[in-house]
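Student: If you read the protein sequences in the order shown, they are chains X and D. Using my numbering, read the first sequence as starting at 1 and increasing by one per residue. Using my numbering, read the second sequence as starting at 1001 and increasing by one per residue.
Warning: the hint list may mix true and false statements.
Partial list, derived from the structure: chain X residues whose beta carbon lies under 8 Å from chain D [said to hold, decoys possible]: (1) A173; (2) D363; (3) T366; (4) M421.
Which chain D residues stay away from chain X? Per the calculated CB distances, all over 12 Å, these [as the list claims (entries may be wrong)]: (5) R1021; (6) Q1049; (7) R1080; (8) D1086; (9) E1106; (10) G1141.
No lab work stands behind these hints: they were computed from the structure. Don't be surprised by glycine CBs; every beta carbon is placed ideally from N, CA and C.
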Amino acid sequence: MGDRLPSGDAMTSAFPVLAQEVNGHALAYLDNGATTQMPVQVMDAMRRFDTHSRANIHRGVHTLSQRATDAYEAARARLLAYVGGSADHELAFTSGTTESLNLVAQGLALPAMPSGGGEGALLSPWIRAGDEIITTGLEHHANLVPWQLAARRSGARLRVLQPDAEGRLSTQALAELLSPRTRVFAVTACANGSGERPPYEELLAMAKQAGALTVLDAAQAVAHEVPVLSALPCDFMAFSGHKMYGPMGIGALVGRREALARLAPLRMGGDMVEWVSETDAGFAPVPQCLEGGTPNVCGAVGLAAAADFIDGVGREAISAHVEALREHAVAGLSALPGVRVLSPENRRTAIASFIAEDVHPHDIGTVLDERGVAVRTGWHCAQPLLERLCQSPTTRASFALYNTHAEVERLVQGVAAALDMLR
Amino acid sequence: MSGADFDLYQQLVLEHKRSPRCFGTLPSPTHQARGRNPSCGDDIGVQLQVEGDVLKDIRFEGRGCAICIASASMMSEAVRGQKVDDAKALQQRFRAVITGELEPEEANLGKLVSLGAVRRYPSRIKCALLGWHALMHALQGEGSGSSAAAEEDPDIVVDHAAGSGGAAAAATPDGAPR
């Protein structure tokens, strides 16, 4: 079995937070599906920005403002390239996946501004009464609740593409739901609750063919198995910085320019207008019209550095490593009596979510923490999925490039000890 | 690792988790309520038989972690047959110990002292208090009533479940009578 990637100590030393003990044991941080840790390269980039270039962006004629503007726009270009955007795509910075998905769901249910703004009539909303929105049973609450609300506000109907008993989505099931009324199809690139990686390429293509706008929640796929936007029939893709070794509080909504222009902005104010009179305003084009207010410039700089870090290590190497760790964990955990790992056959995922007969995830999580192993327990903001698959909250281990097979062994041994003690 | 060298999971706690006392329902409860912790799915229904000022009998059911189940089990054992006022006073002392306001040795908790280590695990405090929230809420009313217990801890949702069968629904998620 391979160990750390690319070489043990070099990788650990890039992540200072990992070099600590928790409850007397070396920290094994296996909660990367919630938040990954930041390498010094990202911290350094942010520190450099704050030390030399911090100022507000756009329209400042002074040197620091220009440097900040350049850094922000360079970060935008870097991240658009990172997710495979083409000349037809734009990227708007947001606070993260949740804000991105809310922007899409609410922005499609409200009247949008005509480009250039001013006297022109508002565009009628993309989603109207009688329309249908399709999301899936695999989703994080952030890709479900905004659609519930958008449907209620607009009089549209929300339909849910349900997974089978093993938690898999099928194209046949989607075919039964699609209709000329379908205006939006929203799906995850990897279910955070179960680790299931659905065939989103085929699903998005079917929805696109039916005339829907397509939305991909890439929160769990942005640090490995990164979707390539220009190769996907995808109108909107959302992701978060803190799940790709970047800072918290920054993320993005990327999409086709025409699709982004259908969104009603949710934050009116500075930096999203071209001119303002006392009674009217002309709006900036996308993506600026979606970024009202002072953005998280330092966060954007850090996020671009995270993209550089990932590409420096190598996307294929990262994917191979975390998927091998997941496979190791599935084998070890499944061998324990009364333990069931969700989506065990799925290979292209870094998440191992499991339940154990007669032992509650909170107890497993506490026993593991006592051994220095950090995992997440509960519903993972995916309660409908887990109610359907196992009627229970789960324990979830999720892997990143700095994790090792030795840490997976500690996970399995810790779970075994918890079962021994608590049953 | 065994329970013996992990003070959160003392042998008595594990024993109550494995064989909870007073687990089930009463044929005709006079009071009942249930508490839920939406973040982890823990869900405990409590049924009481109160005669005069005495808590004659108690049953609980539902689902939860070891700390939650053991605490509800030890609570039921401790308050059964006691005066209602004594049960309420015990809840106050137990809560004060778990939230770090009172030392375990000073609280006269009896067997419940074995849950004292929960105070060092902030993320588990609500687990230990869930059954007690349901108990207090049941005692506060016979059907409709205040949500005082819920207000004490915003993480916990407490529902009255008047009439028979209410707490029996405790094992079904999201079947909460509101």
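Student: All hints are to be evaluated individually against the structure, with a verdict given for each.
Tutor: Evaluated hints:
1. Interface hint status for X/A173: violated, as the beta-carbon distance to the closest one in chain D is roughly 24 Å, over 8 Å.
2. Checking X/D363 against chain D by beta carbon gives a least distance of about 5 Å; that is within 8 Å, so the hint holds.
3. The interface hint given for X/T366 holds, since its Cβ lies 7 Å from the closest Cβ of chain D, which is under the 8 Å cut-off.
4. Against a cut-off of 8 Å between C-beta atoms, the interface hint on X/M421 holds, since the closest Cβ of chain D lies about 5 Å away.
5. With 12 Å as the threshold on Cβ separation, the claim that D/R1021 sits away from chain X holds: the shortest Cβ distance comes to roughly 18 Å.
6. Every CB of chain X is more than 12 Å from the CB of D/Q1049 (nearest about 29 Å), matching its label as outside the interface.
7. With a closest Cβ-Cβ approach of about 25 Å to chain X, D/R1080 is found to remain outside the 12 Å limit, as its non-interface label requires.
8. At the 12 Å boundary, the C-beta of D/D1086 stays outside the reach of chain X, the nearest C-beta of that chain being 30 Å off.
9. Distance check on D/E1106: its Cβ is at least 26 Å (rounded) from any Cβ of chain X, clearing the 12 Å threshold; non-interface status holds.
10. The Cβ of D/G1141 sits about 29 Å from the closest Cβ of chain X, beyond the 12 Å cut-off, so the non-interface label holds.
Of the hints listed earlier, the one the structure fails to meet is number 1.
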